[in-house]
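A.B. asks: Letter by letter, the chains look like this.
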Amino acid sequence: MDRLAFDIAHLLAGGLVLTSFMLLYQDRLYALLNVYAMQALTLALAVGWQAHIQHAPHLYITAGVAIVFKALIIPVALHRMVARLGVHREVETVVSLVPTMLAGMGLVALSMIVTMRVAHEADALAREDLAFALSVVLLGLLMMVTRSNAVSQIVGFMSLENGLILAAAGAKGMPFVVEISVAFSILIALIVIGIFLFRIRERFDTVDLQALDDFRGESR
Amino acid sequence: MTGIAPLNILVVLLLPLATAGLLAGLSSYRLSARLNVGSAFLTFLAALSLLVARPPVGRFLVVDDLNIVFIVLNTFVAFTTSAFSASYIAHELSAHRLTRSHLRFYHAMYQLLLAAMNLALVANNIGLMWVAIEVATLTTVVMVGIYRTPQALEAAWKYFILGSVGIALALFGTILIYMAARPVVGEGLNGMIWTVLVAHVDQFDPALLNLAFVFLLLGYGTKVGLAPLHAWLPDAHAEGPTPISAVLSGLLLNVALYAVLRFKILLSANPGAIAPGPLMTGLGLLSLVFAGFMLYRRGDIKRMFAYSSIEHMGVIVFAFGMGGALANFAGLLHMAMHSLTKSAIFFAVGHVVQVKGTQQIAEIRGLTTSHPFLGWTLVVGVIAIVGLPPAGVFMSEFLIVTTTVARAPALAALVVFGLLVAFGALVLRLHGLAFGEPKGSLQPVKASYLPMILHLALVLVAGVYLPPPLVAWFQHVAASLH
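In the order they appear, the protein sequences are chains A and B.
The opening residue of the first sequence carries number 1 in this note's numbering; numbering runs sequentially from there.
The opening residue of the second sequence carries number 221 in this note's numbering; numbering runs sequentially from there.
You may find that some hints are simply not true.
[As the list claims (entries may be wrong)] Some chain A residues near chain B, calculated using beta-carbon distances under 10 Å:
#  : residue
1  : 11
2  : 14
3  : 15
4  : 117
5  : 123
6  : 124
7  : 170
8  : 183
9  : 184
10 : 188
11 : 191
12 : 194
Don't read these hints as lab results, they were simulated from the structure.
Glycine is no exception: its CB is placed at the ideal position from the N, C-alpha and C atoms.
Starting from the given sequences, assemble the full structure and let the hints guide the process.
C.D. replies: Here it is as structure tokens:
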């Protein structure tokens with residue numbers, strides 16, 4: 001049974017790394033947002049499983065926040081925003097696929113090497129969880145530097161933050177995990193609002209919402 | 221005396237918070253500007269009382285020899301900046317650059333920022349410290365963007381994104397520290413309490429500590445403005461209101477530096493962990509030399525002094541990275557001197573920009589002729605910041621260089637090189653700004669000279685004579701830093 005619990009935790013955390021890789025090679029914004037929602041769902045499952053095996057009911061709240069906020073509200077909001085700004089067809093010039101994927105693999109290998117050197121008294125589950133979390137964080141950073149578009153940079157930041165929540169949930173008995181996950185959700189909400197204002201500025205050179213409406217009215 | 225001890229720390233934290241709430245609901249800007257100054261002054265007094273009456277070490281708050289230096293400096297500069305801000309915003313209001321509702325928001329955010337910074341400094345809990353620094357970052361983000369010009373919004377956005385990444389990395393480091401502590405001090409809150417951590421750190425797993433420190437240094441280092449991670453800093457300084465530039469340079473960078481120092485102490489108390497010194501000296505030197513060269517190509521006066529802040533944070537981080545009693549002493553002294561001098565410079569620059577209506581260095585000439593008092597104050601400030609004697613900055617830089625010469629001559633040469641490069645750039649620009657034929661508006665300026673005179677006087681006095689109790693105090697702190 002213990003072995004099974006370990007394997008499932010392993011599988012879910014590994015799934016998170018896999019979705020991070022999938023995020024790396026998406027070149028259309030809608031697809032990117034869908035993969036991000038998938039990652040958030042995987043995170044919710046991973047955190048929920050940690051809550052179950054650690055007997056830590058407060059982690060269910062973190063899992064709930066991940067499902068409702070990150071897997072539903074944020075992707076839907078960004079979807080609508082992308083549609084409204086008319087940038088959904090923008091195919092991004094990712095630095096280039098092959099070097100990015102190779103760099104990603106290098107980062108995952110690096111995080112494995114670094115965390116496996118951690119002393120052996122730390123239990124195996126926490127250690128491997130940490131390796132996965134570190135990979136997700138580094139892949140999120142990689143995504144932020146290889147993308148030029150503001151929306152995909154934000155998705156990179158959000159996937160980085162998923163790695164943080166995974167690490168926090170895996171650190172047994174860590175205080176403030178729920179508070180941190182809620183605080184980060186607020187931060188992300190602010191970023192999403194900010195991106196909306198920013199994108200409008202970038203495209204129409206103003207932050208006046210009225211100007212946006214006027215512009216659209218004229219073009220029809 | 222000890223009777224007021226638990227009370228004064230609460231005043232330091234809760235008074236700014238309560239004032240922020242009050243200011244948010246107050247529409248008269250004259251009244252709120254006065255309230256802002258008054259509250260900042262009372263907070264400073266409460267912080268001074270911490271010197272004589274320390275509260276007992278709690279699970280969430282702690283006042284020790286290290287952070288008390290930061291708290292007193294922080295509340296003092298916050299108080300003088302609020303006095304400067306009162307005259308600054310009156311002008312902005314009459315120039316229609318800000319509306320009354322903006323000012324209400326601005327004052328409330330200013331006090332909230334002070335509360336968050338004070339909390340970050342007295343927190344005995346690395347999680348709480350992280351939260352406080354996050355709140356401080358967010359409040360400065362909205363204040364940087366307060367002018368709503370495209371440039372201001374872009375600066376705020378850049379700051380927001382880089383600050384968020386820094387915060388995220390710092391959180392990862394914090395989680396790693398907890399994971400390192402858990403096998404030794406047990407699950408739960410204990411693994412985050414600073415005093416508990418430092419008492420048991422010698423038994424922690426060194427590999428985890430190393431990893432944690434890398435993340436913490438990069439995360440909080442972003443907020444310090446260290447070289448490869450500094451991109452937000454010049455924009456945020458240039459586009460926000462000048463009082464915020466002064467607070468950013470004089471205070472917030474120090475708070476982030478304080479966080480780095482805390483973790484440096486943790487790491488150097490563990491025999492198996494990597495020495496944090498070389499990482500810090502490397503980043504510090506890089507920032508110093510890089511910012512020194514960047515100073516030459518600046519056309520915007522606030523941006524130029526922002527790069528000078530990067531340079532000086534590099535010097536300070538370098539000094540703490542070298543470690544040892546003398547270098548730590550010099551680092552602390554340099555930090556205090558830099559805070560005082562740089563905020564005084566920003567006070568002067570704020571008034572200069574208001575009267576000339578531009579931030580372009582090329583458009584500002586002959587200040588000592590057109591506005592003698594303001595011009596000469598700026599001259600004194602810049603002479604102090606480039607490290608000419610008799611200013612306090614000279615003394616701290618001299619100490620840093622001499623102690624480095626004895627231990628690593630090659631590094632000392634690099635430091636001197638960086639300082640000279642920056643010196644040349646600032647003196648070159650100062651010449652154009654202060655002397656020659658006046659250019660631009662000759663209108664008299666309604667400035668509040670008291671804050672800048674106070675700061676510069678302190679810096680000059682410190683360069684000539686440091687009171688022995690203060691020296692003993694700094695030395696004691698420096699020795700506790702390793």
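A.B. asks: Would the hint on residue 188(A) stand, with a C-beta cut-off of 10 Å toward chain B?
C.D. replies: holds, 9 Å
A.B. asks: Measuring from the C-beta of residue 11(A) to each C-beta in chain B, is the shortest one below 10 Å?
C.D. replies: violated, 22 Å
A.B. asks: Would you check whether residue 184(A) satisfies its interface hint, that is, whether its CB is within less than 10 Å of any CB in chain B?
C.D. replies: Given a least distance of 8 Å, the restraint on residue 184(A) holds.
A.B. asks: Quick check on residue 194(A) please, does its C-beta sit within 10 Å of some C-beta on chain B?
C.D. replies: holds, 6 Å
A.B. asks: Given residue 170(A) was flagged as interface, is its beta-carbon under 10 Å from a beta-carbon of chain B?
C.D. replies: holds, 8 Å
A.B. asks: Quick check on the hint: residue 124(A) CB to chain B CB, less than 10 Å?
C.D. replies: The hint is violated - residue 124(A) has no Cβ within 10 Å of chain B, the shortest such distance being about 13 Å.
A.B. asks: Any CB of chain B closer than 10 Å to the CB of residue 14(A)?
C.D. replies: violated, 19 Å
A.B. asks: Do the numbers back the hint for residue 15(A), that is, is its least Cβ distance to chain B under 10 Å?
C.D. replies: violated, 20 Å
A.B. asks: Going by Cβ atoms only, is residue 191(A) closer than 10 Å to chain B?
C.D. replies: Residue 191(A) check passes; min Cβ-Cβ to chain B is 7 Å, inside 10 Å.
A.B. asks: With a cut-off of 10 Å on the beta carbons, see whether residue 183(A) makes it to chain B.
C.D. replies: Check passed: Cβ of residue 183(A) comes within 7 Å of chain B, closer than 10 Å.
A.B. asks: Hey, does the residue 117(A) contact hint survive, CB to chain B under 10 Å?
C.D. replies: holds, 5 Å
A.B. asks: Classify the hint on residue 123(A) as holds or violated, based on whether any CB of chain B lies nearer than 10 Å to its CB.
C.D. replies: holds, 9 Å
Comparing the model with each earlier hint shows violations of hints 1, 2, 3, 6; every other hint is respected.
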